[in-house]
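On the provided structure of chain C, position chain X as indicated by the hints.
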Amino acid sequence: MLRDLTNAIGHWALFLGLLGAAWSVVAALLGARVRGKGLQLSAERAVLATWGLLGLATACLVAGFLADDFRLDYVYHYSSTSQPLPYKIGALWGGQAGSLLLWVLLLSGMACVMVLTNRRKNRALMPWATAVVGATITFFLVLLNFIEPPFLTSAARPDGVGLNPQLKNYWMMIHPPCLYLGYVAFTIPFAFGIAALVTRRTGDIWFRTTRRWTVFAWFFLGTGVLLGAYWAYIELGWGGYWAWDPVENASLMPWLTGTAFLHSVMIQERKGMLKVWNALLVILTFSLSIFGTFLTRSGIISSVHSFATSDIGPAFGVFLALVFFGSLVLLVSRLDNLRSEHRLESVLSRESSFLFNNLILVGMAATVLFLTTFPMLSELATGSKVTMGPPIFNLVNIPWALLLLALVGVGPLIAWRKASRENLLRSFVLPGLVGAWILLLLGILDARAYLASAGALLSALGRLDVSAGFQEFKTFYPAITFALGGFVLATVAIEFWRGARVRVSNYEESALVALGRLVWRNKRRYGGYIVHVGVVLVFFGVAASGAYQIEAVRELAPGEPLIVDDYLLRYDGYRLLAEDDYFGAVATLSVYDSATGKPIGTLEAEQRYHPNLMFPELRETFQHVKALGETGSPQYAEGVAGLYRLVTLLERQAGREVKTPSTEVGIHSSLSPLAASRFGEDVYVIPLAIDPATGRANLRVFVNPMVNFLWLGGLVFVLGAHLAVLPDARERRRLDAAIALEERSVAVA
Amino acid sequence: MILIVVPAAVASDQAEYEHAAKTILCDCGCHPQSVHDCACGRAAEMRDEMHALIEQGRTGEQVIAAYVAEHGEAIRIAPVARGFNLLAWLGPLGGLLAAMAALGLIVRRWVRTPHGARPAVGDPAAPLAPDDGAYRERLRREIEELR
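Protein chains in written order, with the working numbering: chain C, 409 to 1157; chain X, 2 to 148.
Next comes chain C alone, as it looks inside the complex:
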């Protein structure tokens, strides 16, 4: 049978892939020792072959999904006959084994790119880099072959369980691959870092040659985090986007240390300083990537992301310990080769501000790690379990983040080595004024509230009431954020203006041409500044939507209005529906300006129920009602109402749930620049319950000011990151020259 053949091919392709990966490690290590070209070539070919085999295995698993082969346990758990095609493919990474396969497929693909782009350079580093990447691939393939095989089969089954309904969403589908691209790509700079340590080539070649990998990894991890936040916002329906879920935290930590790494390598590049720190950062970042996936899969912490527990936890633990402690031992043994070439000359310098930037980023990662694992610590120390929910993370992390925001403005403008008074005045007086003015303005606008909070803060401190003190201090965060954000935007504007002005005066270019050429010739630097602008926008969005959110809960009958903030919402009506794999009700609302009565837009909020199709009566009725809908039958609405009644009846009989609820939030975003006062604001409606007979809807409505600044900031971030990785002829020339120089000096030595 073709299905049997495909499953067998997939199974054996995974095994052969394991052999190939293992050989690539052995051959690379031997090649490094023996200095024979043949062995390294063999190792690199094994890398390419492994990717081919993994591609084949993945194709076989996807084929199982497309063919609805429910004998495959994996397909059975994550797919069903009624699952739409895109989600059948996306179900590949819906579970433990498939997501491991995706991880190793991506890693193996990147290993191929690494091998192919380094055919004629970095030949001394490549054997060790190949060995490290190969070893990681081997580890994942050991898991896939012996602990979590994806091609396990059981007896034939008529239908599958299907994906969790909340995962059947475009953003949720692209979020894992995006994150994986990030996690996985950090393996390459790590591999080169280890190679540099082993070969004692501890100059700056190892991270300059992998700069684009680092930015690529950092970009996809950051984007993956934002996509997850966006999905949470539109799907989970609590009006927020980040809950400090342990697995969310696991993706944030390597991104924080990765950001630190991206910045501190600039210091090593310019000044030959921070060599130990950079090596440590790349080790930390890769370890946190592995730790992140360990946290999701081991069952140590339960969360919406958790996969089923299995023996995978200990295996990851061992691998992580080997990687982390092994790398540290190597690092310590090479300390002699990691001496600084220059020294720090002043606290007020760019080097110093980058050091503080690193401190905060790594400190935040440490904070998140500490708080995420605190429940386990608490249980060990006191025997009682505690929960680390959003309140403690938010309160504790925000001071760090605000300090970081300040540094985003200081870093790019402060002078190298030692900032003189002239430099400080010239660069920071204007942005400082902008920030101070914003702070003053916001203070005046809401003076009474700030004075009250200040008073309450002092009294809480007097009582030594820590959590109350934090609560009161929270009131000042938005104002501080906007002031610092203004400061940063002003510093970025100054940088662009100064650079363009020099070109205008030296080359007599027009301002626009000057600006364009300036950015184009310094893509790395100005791409970075654009990323900073994106970061500021994200801060604005977080501050405003967190502090100034407005909420209302009301039950409305069709036709009734509701006023929230300066919006008038009218519940126009509802309709019942059954499609795809759910039935339910859609409420339509119109949004008006409550002062002028002008219509602003409409939105639809859905309450969905995904019936458990294991119940034959339910399955047949559901298919029948769906067919009524497709033919436009007048009995359609009554059919859906009947489904509601049937589900209630079955639940009473069976004594358990026979449906999974989900909601589609209705959102209206104000994105027109004409309505400036509500630019970026969302009206956000969650249907808590919709009565199918009367249409009475219990609605929860949020007004989220400036929340779209988060996603807009994300887009700016994407633009800046793309700019920073574009090929640059000058950078290429200098790197080639540096590599040639190092080759010559090593040959002479």
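Some hints could be false.
As a list, the in silico DSS-like pairs of lysine-lysine whose alpha-carbon atoms are at most 25 Å apart [said to hold, decoys possible]:
| id | chain 1 | residue 1 | chain 2 | residue 2 |
| --- | --- | --- | --- | --- |
| 1 | C | K445 | C | K529 |
| 2 | X | K23 | C | K793 |
| 3 | C | K826 | C | K679 |
| 4 | C | K529 | C | K931 |
| 5 | X | K23 | C | K882 |
| 6 | C | K931 | C | K679 |
So the derived list for chain X, only partly shown, Cβ under 8 Å to chain C, looks like this [stated by the list, open to error]:
| id | residue |
| --- | --- |
| 7 | R77 |
| 8 | P80 |
| 9 | F85 |
| 10 | A89 |
| 11 | L94 |
| 12 | M101 |
Note that these hints are calculated values from the structure, not bench results. In this text, a Cβ means the ideal position worked out from N, Cα and C, and glycines have one as well.
Structure of chain X alone, referenced to chain C:
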């Protein structure tokens, strides 16, 4: 924030309910949300339970205590700032301040005493001698090339 205009007695009931609902974790286990925030079915049940308890005359604190008595301290969305838990509340902030102070001191020490520094040949840290014409000329040429 909630904007609902209601009579005083109901308002204080609402305040008590909100205090409880924002302090207690929804035990559906899917996402670390308070009962007030979580949009799942279990949270709706818990909200109804809490409303019922408030209507019986209990305060928010009493409702919280009841849940803690039944489920343990882990039912709170964030731990009470007492005892071992102070480590979580104060540790990171304290750590930040301590680390910044430490870094400041370390940097100060590096600045004052040359630390492991082996200046490279042609150390840019040394100011250019006024008669270093050849070097200046080379510099000018290289800058031109890089443009």
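So, going through the hints one by one against the coordinates:
1. C:K445 <-> C:K529: The hint holds at about 13 Å.
2. X:K23 <-> C:K793: holds, 19 Å
3. C:K826 <-> C:K679: Since the Cα atoms of C:K826 and C:K679 sit roughly 13 Å apart, the hinted pair holds (cutoff 25 Å).
4. C:K529 <-> C:K931: holds, 24 Å
5. X:K23 <-> C:K882: holds, 16 Å
6. C:K931 <-> C:K679: Distance of about 21 Å is within 25 Å: holds.
7. R77: holds, 6 Å
8. P80: Constraint on X:P80 satisfied, holds at 4 Å.
9. F85: holds, 5 Å
10. A89: Status holds, d = 5 Å.
11. L94: Interface hint status for X:L94: holds (6 Å vs cutoff 8 Å).
12. M101: X:M101 check passes; min Cβ-Cβ to chain C is 7 Å, inside 8 Å.
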